[in-house]
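Model the full assembly from the supplied sequences, consistent with the hints where possible.
Residue numbers (the numbering used here), protein chains in the order written: chain E, 23 to 356; chain P, 303 to 628; chain C, 59 to 374; chain W, 29 to 543; chain H, 288 to 575.
None of these hints come from the bench; they were simulated from the model.
C-beta: ideal position from N, C-alpha, C; glycine also.
Just so you know, nobody snuck in bad clues.
What the simulated footprint calls covered on chain H by chain W, stretch by stretch (three residues with Cβ under 8 Å from a Cβ of chain W suffice, anywhere in the stretch; the number is not a length):
#: 1; segment: 343 to 357
#: 2; segment: 510 to 521
#: 3; segment: 527 to 540
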Amino acid sequence: MSHAIYTNEGDKMKTVLEVRDLVKYFNVGHLFKPKYVHAVEKVSFSIGSGEVLGLVGESGSGKTTAARVIAKLYEPTSGEIKLFGEIVPTKMSRKRLLKYRKNVQMIFQDPFASLNPLHKVRYMISRPLKIHRLVKGKEIESKIGYLLEECELIPAKSFLDKYPYELSGGERQRIGIARALAVKPKLVLADEPTSMLDVSIRLDIMNLMLDLKEKEGLSYLYITHDLAGAHYMSDRIAIMYAGMLMELGPSDEIIEHPLHPYTKLLKKAAPKPEESLRPERLVVGEEIPDLVDPPKGCRFYPRCPYATKICSEEVPNLEKVSSGHFVRCFLYSK
Amino acid sequence: MKYLIRKIMFLLLTIWAALTINFILPRLMPGNPAEVMVAKFRGKITPQAMNALKIAFGIDVHQNIFVQYFRYIQNTMKGNFGISITYFPMPVKSMLAQSIPWTLGLVGTSTIIAFTLGTLLGIKSAWKRNNFLADMSVPIGLFLKSIPYFWLALLFLYLFSFKLSWFPLAGGSSGKFIGFKEVLDILYHSILPAFTIVVAASGGWILTMRNNMISVLSEDYITFAAAKGLKEKEIMYKYGARNAILPNMTGFAMALGFIIGGSLLTEMVFSYPGVGYILYQAVESLDYPLMQAIFLFISLAVLVANFLADVTYVLLDPRVRSGGKE
Amino acid sequence: MILRVNELNAGYTWGDNLVHAVNDVSFEVEKGEFLGIAGESGCGKSTLAFSITGLLRPPGHIFSGSVFFMGKDLANLSKEEIRRLRWKDFSIVFQSSMNVLNPVLRIKDQIFDGITAHVNVDKEELLAHTKKLFKLVNVSSEFLDAYPHQLSGGMKQRIVIASALSLNPKLVIMDEPTTALDVVVQRIILQEIDELRRKLGFSIIFITHDLSLLVEISDTLAIMYAGRIVEKAPSAELYAKPMHPYTEGLMNSFPPLSGKRKRLHGIPGHPPKLSEEIKGCPFATRCPKKMPICENISPPYIEVEKGHFVACHLYK
Amino acid sequence: KYGGTLTLTGGAASPSPARIFNPFIPTSLYGVYVTYEPLISINPLNGEEIPWLATSYKWEDKNLKLVYQIREGVKWSDGIPLTSRDVVYTFQLMKKYPALDLNGIWSSGLQNVSADGPNTVIFSFDKPNIPVQAYISSTLIVPEHIWSKVKDPVTWTNPTPIGSGPFVFDKFSGSTYTFKRNPNYWQKGKPYVERLKFVIYTTNTTATMALAKGILDWGGYFIPDIEKTYVAHDPENFHYWFPPGSTILLLLNNQKPLFASAKVRLAIAMAINKERISKIGEYGYGAPAHPTALLPSFMDKWFDPTLKPLVYKYDPEKSVEILKNLGFTRGTDGIFVDKGGKKLSATLLTVTGWTDWVTDAQLIAKDLKKIGILINVKSVTYSTYRASLSTGSFDMALMWTVAGPSPYFHYNGRLNSKGSAPIGKTAVSNYERWEDPITDAMLRIIKETSDFTLQKRAMSVIEKIMLTEVPSIPLFYGPTWYEYNTRRFVGWPTKENFYCYPYSRLVILTHVHLK
Amino acid sequence: MKANRMNHKLIKQIISIFKIKKAAFGAIVILFFILVAILAPLIAPYSPSEMVSLPVQPPSWSHLFGTNTYGQDLFSRVVWGARLSLLVGVECGIITSIFSLIIGLSAGYFGGIIDDILTTITNIFLIIPGLPLIIVIAAYIAVKGVTPIVFVISITGWAWGARVFRSQMMTLRNRDFVKAAVVLGEHPIRIIFFEIFPNMLSLVAANFFGTMLYAVLTEASLEFIGLGNVNVVTWGTILYWAQNNQALMLGAWWWFIIPGLCIALLGVSLAMVNFAIDEITNPRLKRA
Ligand SMILES: Nc1ncnc2c1ncn2[C@@H]1O[C@H](COP(=O)(O)OP(=O)(O)OP(=O)(O)O)[C@@H](O)[C@H]1O
Ligand SMILES: Nc1ncnc2c1ncn2[C@@H]1O[C@H](COP(=O)(O)OP(=O)(O)OP(=O)(O)O)[C@@H](O)[C@H]1O
Ligand SMILES: [Mg+2]
Ligand SMILES: [Mg+2]
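Here you go:
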């Protein structure tokens, strides 16, 4: 198999994160009879400096799991993670782990659940500064203020002594972003940061993230199930289905010329008020495969309108179809 | 099915644990049964007679602990618990055989009544929330939950049996009758003790059931049932109570142990010839073989009742049946 | 006309707290109409749905206003009469399809009891009818004997819809029936609902926060904000020519799927809390076209063009 | 006069609903006492004897032979005649199974038991032992034709007893059992009562309630403030009489240095206010005991009046004086110290849950503190208490005397050095560890002679020892609990009509009849 | 008619106050008892074990709760009794909570085999009936003071708490805010004590009061059977002596009723606090 690093070959930018053949199984059985959920299966991608990689897939496809493995919340079952070209070992000393965490931060989906209801904003933002010893005693307060204002929580002072329940959803999510930014990370894993927010607020958060990216030179792994949102945010998009990466390529190309049948389906399903008022009819087969006992061949074949015999027997490789565009489908394999 | 197998395994494990606790306890404590026997005969006995009795009891302490354990398990399996000291020379087994039916009858029925009554009241009071009477169930339930059983029992005994002469003072029957009349007589004797247990035990059920029910009533499927235009009764029982009772099935274990504990005290107060009363005797005269056997029996009863509750739970909750959740 | 809602006010009270979740809402639904109601979370959509169907439970109350169903004022009906109307004349599908099915009852029993509560039919008829319903919503009838936990979310949703249609109601209210579902599944169900409506001819009130979805499928669209309907118009018109600044902002909040990527700007700020009293226009604090009057006087809800209602001081 | 169902206690000290009617076992139900009968019924309060299954007995052959004449015409309740063979069998059984021989008859010098014809039984001894006659006479006789078929009489519950007594077993149910009249009883015309209903109450509370409601005709319960809780409910018919049955002593461990001196023991004895103990600790039921420990019923017969001047009285000042004279000095806290500077202090052992004793002990501690001795009251479980007594690991303890038809039994148990042992070794009865050759000699004289004047002279010596040397301190008489109800039945023994000891069911139940 | 309705309304109001103030009422009663216990030497007019009056005197101004057959002042005894009874409750509450927390939190936090083992043990202890076990153990150890009772109650009473804490730990551990703290680089110890534990406090409190209630009742029962040390003064032993002297038959109802009511009152207030905390943690109940 070609060990392509699935980057956008056109740009010669520095790779921040590289993930290779990442696998994560969860044991959901018990002591005597283990049973595994194949949540992430051999996922590989990379993210360049200042780049946003959108990870799109339906619920349960393993997006969160992948992000959490990268965030070192879960141990990978196998696979390799490289940060700035350096392999990140599974087990690390606390010091090394802290160094890793200083570079990789995360924004969570649910702005309510991701803030401890018992802590004030001041405490929550000050913690990363203290853990990583970024600023000295007196400067902390001004640094917190700076961070909050950067996330458009203005005036910062009025937020310092609030508890999460006193904030609106959008404000809460901004706190989450400010907290992640506090350590000046290089990579931010954003796990559906807007899906719990109201439509009118969503765009604000997305714009904030894009602004911060430019200002701080951040890279994002932007996870979403909303294809349009991914397109808005990302330079490249990766499509996941049932734990596997199905297609990966530059945003515009994925949207305009989707190759994988699943990507096509997603595109069809996405609301497009601007195009026509009566959408075209979708025809889809059975439902999502069981991840405890995944199908032998392509994971999408049970729903795929183009499925052939081979699809049920073999897993297609993720193959390059054009510069920076990869797809995992027999329709395109040579 | 899997769930049941797991439950059976757990049941066996717990029985084993109870057995082992039972074995270890007397061995951790100072003193030995011989001393207890001297005590029992209050010095009336000569050393010669004493020695002869020791042999009759089959007390031999010079044995490897594992051999002892093995023997003990073997004997227990056979239902051989040795000879009672209080009721020498009655085998502990026959003492149990004699008293268990009484306890099962009294505690069994009153627990079921308490459970049913408490559950029904809990359901009603949750359904009719904000109604004066229904809301009174909370403070009343709290009060009942917090009074000592024995205290209530004595008070009832004094009031209803002594002062008002409505009920007999003691015993499980008057021993005067036979046939159907005897059954009535036994029932008559059991009313007051049963009443005590029911009063004291239903408080807890009212509260938990009310809480469960309130939780369930805020579930979407209740609103959905109302949206379907179902009749109130149907919503209350088929949708509300049916689901609210499920958590109680698992809470049964704790409560049952507690009730049985309380009913022991009740039996003591009412001189009811069940195991509680015998336990009291055993405790008073430090009759260890008897005490242990009773503890074992009560544990077993609770375990089995609990197992039955689990089985019922399986029947009531399809989610568990397919092994979905604990 | 199937339904008319007249200056409805509803909300929640407990202790000294008051949440005015539905504020002077009026609208009508015609026979066969697909009315979409869109609004952000917490703006009172569900409360509205509950109020219309009389399912609002304490601490929720209807404060004032009336709901006419086929010309009958629901407030004048007895509990029992309303009970008889439910399911038979109007039915409702909830937001949380995952939780509306009783986990301990078989699917078929839950469908049956909705039917038998209103009409007398024998077992076989019941079964046959239910099988037909299942076919309608594309669920294999082998799931009749299943329990809810054995079904996927999409399946449950379809079953709830099937149940809601079981007595051929004249109006079906759907409160975000698809939010918990995947885009693909969501899309499929939506398209099925629409087909059913065409086939059976009932009216739909479809509630969601996903405006872009509604624009595609509903006949008429109402936009709700802070407990009020701020704009209502035929979908196409609303999309093409939004009048209320809020609607306008909303339309701009959806990044388009295709086309060149360019920065969009949503609506800054956040909606007011319904637990606090709102003076003037509730959108005033966020409105780019705010005028002094907006701060003090609540704009009336008027028909600006035929079939196009809006509550904004910009339009007189 | 005939008929009626008399309700009485089925078991008191250890109420037991287990169906045990084995007369050799102390856990048996009270039914055995109306089923099986002794040779002679002896009143333990005054030694009076009523011939029962035996018409008479006498000592022969220099007190080495005890000969009983067995009554003729007695039948077991199954119709088979009772003969000397049954009597011999009963005693042989006890020889074969020592566990049945609770009173140790076979270890008291008895050599052989044999029948001489159907009506005579001869007990032969290797040395004289007069007092054992009481034990032999009281032994309940069992039928050979039944018991010889029993595999292990020690563990036999004998659920349906066959005896010679006035009542026969009827029915057993959970907490009650009944006996009915034996129509073929050898005492013609007796008993009068048709049926006995034995009931068992677990707690004294319910028993008291039952008495107060008149349910129980005859009770044997400790009842606090009995006038108010019982008698007051029907003063006409509710009566009680609590005759003293034993003496409760304050044992002083004579092997502890502090109590080695008779003067100290006397000082302690004189410092204790027995009146108060009797009134507060014992609810006035147990009268203060005579310093000789003699039961009131023995006084006339056994007390030597010349000893009267030696009888000490409550006199704490005298106690203090004695202690001062012994060279102890009082510390600032009022407690005496010995020459080594050690405080006079001791622990006093009682049994947990024996509430009256615990109160008594606290009163004693207060009394002794007043005269400068520090007492630490310690309540322990009964088995610990017994173990401490036998091994001698105690300073002071409360204890009772062994009951019997003469003071010999009381003194022999507590004072005979045979029953003593060094501290750390097991003493069988002489827990205070009084080891005195004179006492031993006197006890032997009483044991071996049947001459009353000789016995009385020896007894006088022991009484004097009790008064002057104070091996232990008699506190009060242990009452015999006895409540009776004359609503339905009359003929009960009373203080005035003292025809038998109120525990003697056999005698009482052959006397009592309908009103 | 009207007066009647007014009455009804009044009662309703009282109830609603009661409802809101459930926790407050409970807490006040508990505090009151604690105060009484602490200040027992100052409050009690007499020594609890001295004979200070004629026996069996009904309540009067000089003897608020009357006297018993020993002429002891029952008010003083009840006041002193509060001390030990509460002490037993509090000690059991603390020991049991610590025990439950250690077991529950370790099971919940570590998961895996540790969890399997601890959970099984917990479940076993949960099922084995407490009081009979306590009676048997108490019979063996020949109780001398209240300490063994505390010990026995604690070792048999921790299971429920452990189970509750475990499940709470499991849910909290998977909350996003805990994950967020991990990603930020917080030390695990700090996560447990600053992020997770504070969120469990209400549960810990509820469990504490629940255990206290259980302990106070169990202690009273044991003392009543005579398995405790009847020479110490607790509410349980007061009842024991009352029962032994047949207080009710003597007409000395005050001797029996008052300590029983004290137990019940303390019990109710503990249960109320427990219940109120329950309502707070379960928002569905709160809206009642
Ligand atoms: N801790 C866990 N233990 C067991 N299974 C898990 C765990 N976390 C996730 N899974 C399973 O792994 C699969 C992938 O889940 P994941 O949360 O990564 O999906 P997702 O793409 O993030 O979905 P969503 O859009 O719903 O957030 C799912 O089937 C899920 O049930
Ligand atoms: N039971 C209740 N008690 C008190 N307030 C409530 C209750 N239910 C809803 N509310 C409040 O009423 C307002 C309207 O709620 P509603 O559920 O109608 O909103 P919604 O538009 O359906 O929101 P969503 O999109 O989240 O479903 C909200 O502010 C909410 O907080
Ligand atoms: Mg996810
Ligand atoms: Mg809603």
